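When the letters of the sequence shown are read in order and numbered with full-length UniProt numbering, they come out as residues 1 to 204.
Derived from the structure by calculation, the hints contain no laboratory data. Computed from a predicted model, the values in this text were never measured in an experiment. Wrong hints could be hidden among the right ones.
[Said to hold, decoys possible] Here are the simulated EDC-like cross-link-like pairs (lysine to aspartate or glutamate), alpha carbons at most 16 Å apart as the crow flies: (1) 104 / 69; (2) 66 / 50; (3) 121 / 94; (4) 104 / 48; (5) 105 / 155; (6) 66 / 100; (7) 72 / 106; (8) 191 / 94; (9) 105 / 69; (10) 72 / 94; (11) 121 / 183; (12) 66 / 80.
[Stated by the list, open to error] Restraint-style ranges between C-beta atoms, simulated for each label pair: (13) 70 / 197: 23 to 31 Å; (14) 94 / 180: 14 to 22 Å; (15) 69 / 148: 30 to 38 Å; (16) 107 / 148: 16 to 24 Å; (17) 104 / 138: 36 to 44 Å; (18) 121 / 73: 26 to 34 Å; (19) 167 / 73: 43 to 51 Å; (20) 169 / 190: 37 to 45 Å; (21) 107 / 66: 18 to 26 Å; (22) 133 / 183: 17 to 25 Å; (23) 106 / 182: 31 to 39 Å; (24) 128 / 70: 47 to 55 Å; (25) 93 / 48: 39 to 47 Å.
The C-beta atom is built at its ideal place from N, Cα and C for all residues, glycine as well.
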Amino acid sequence: MRECSLRSAGKVEAMHRRHTTLREKGRRQAVRGPAYMFNERGSPLTAEEERFLDAAEYGNIPVVRKMLEESKTLNFNCVDYMGQNALQLAVGNEHLEVTELLLKKDGLARIGDGLLLAISKGYVRIVEAILAHPAFGGGLRLALSPLEQEMRDDDFYAYDEDGTRFSHDVTPVILAAHCQEYEIVHILLTKGARIERPHDYFCK
1 MRECSLRSAG
11 KVEAMHRRHT
21 TLREKGRRQA
31 VRGPAYMFNE
41 RGSPLTAEEE
51 RFLDAAEYGN
61 IPVVRKMLEE
71 SKTLNFNCVD
81 YMGQNALQLA
91 VGNEHLEVTE
101 LLLKKDGLAR
111 IGDGLLLAIS
121 KGYVRIVEAI
131 LAHPAFGGGL
141 RLALSPLEQE
151 MRDDDFYAYD
161 EDGTRFSHDV
171 TPVILAAHCQ
181 EYEIVHILLT
191 KGARIERPHD
201 YFCK
């Protein structure tokens, strides 16, 4: 009888610990939520940056062009409350012209994420526009996953979980094949993308 009581007490204690853990996790998420409203420099978005991100998201070409050409203070790599930068917002909403404007900027971050996003949505013209960027010259980057790329370049992909929706070990051509985007697979292969032959299962 005493053993049964001890087991019951143990179960109650375990359930209490689990509920406490879940409650603390919820608190951490609640605290993390507003943190998405900060750009990569750790400061709140300015009114200019908010306007810029809105213009990129909704395809407002004149505003994006004017801000990129005339603003001396704009951080075009700023991110919104979901951790997405202007390129990701433009690509995700299939705004080809905005994407092309952004790709002209030196130092543009997360070009790799933009490519993966375009591939996942089957946006062929945007894929072609991104692949025309000098960053993909030679095709080397197309053979690397974000995990491998991280060793070479700090801002080509979003390496934190908040800024990307893709696995860190997926390459563009593997993602295109997984999404059954055959035209994009062909484009990637012509640009130099390759899949390494896997090792034999019993290979040592």
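Checked hints:
no., hint, in the structure
1, 104 / 69, "11 Å, holds"
2, 66 / 50, "15 Å, holds"
3, 121 / 94, "9 Å, holds"
4, 104 / 48, "20 Å, violated"
5, 105 / 155, "14 Å, holds"
6, 66 / 100, "14 Å, holds"
7, 72 / 106, "14 Å, holds"
8, 191 / 94, "22 Å, violated"
9, 105 / 69, "10 Å, holds"
10, 72 / 94, "27 Å, violated"
11, 121 / 183, "13 Å, holds"
12, 66 / 80, "20 Å, violated"
13, 70 / 197: 23 to 31 Å, "51 Å, violated"
14, 94 / 180: 14 to 22 Å, "19 Å, holds"
15, 69 / 148: 30 to 38 Å, "35 Å, holds"
16, 107 / 148: 16 to 24 Å, "22 Å, holds"
17, 104 / 138: 36 to 44 Å, "20 Å, violated"
18, 121 / 73: 26 to 34 Å, "32 Å, holds"
19, 167 / 73: 43 to 51 Å, "36 Å, violated"
20, 169 / 190: 37 to 45 Å, "24 Å, violated"
21, 107 / 66: 18 to 26 Å, "19 Å, holds"
22, 133 / 183: 17 to 25 Å, "19 Å, holds"
23, 106 / 182: 31 to 39 Å, "34 Å, holds"
24, 128 / 70: 47 to 55 Å, "28 Å, violated"
25, 93 / 48: 39 to 47 Å, "21 Å, violated"
Of the numbered hints given earlier, the model fails hints 4, 8, 10, 12, 13, 17, 19, 20, 24, 25; all others are met.
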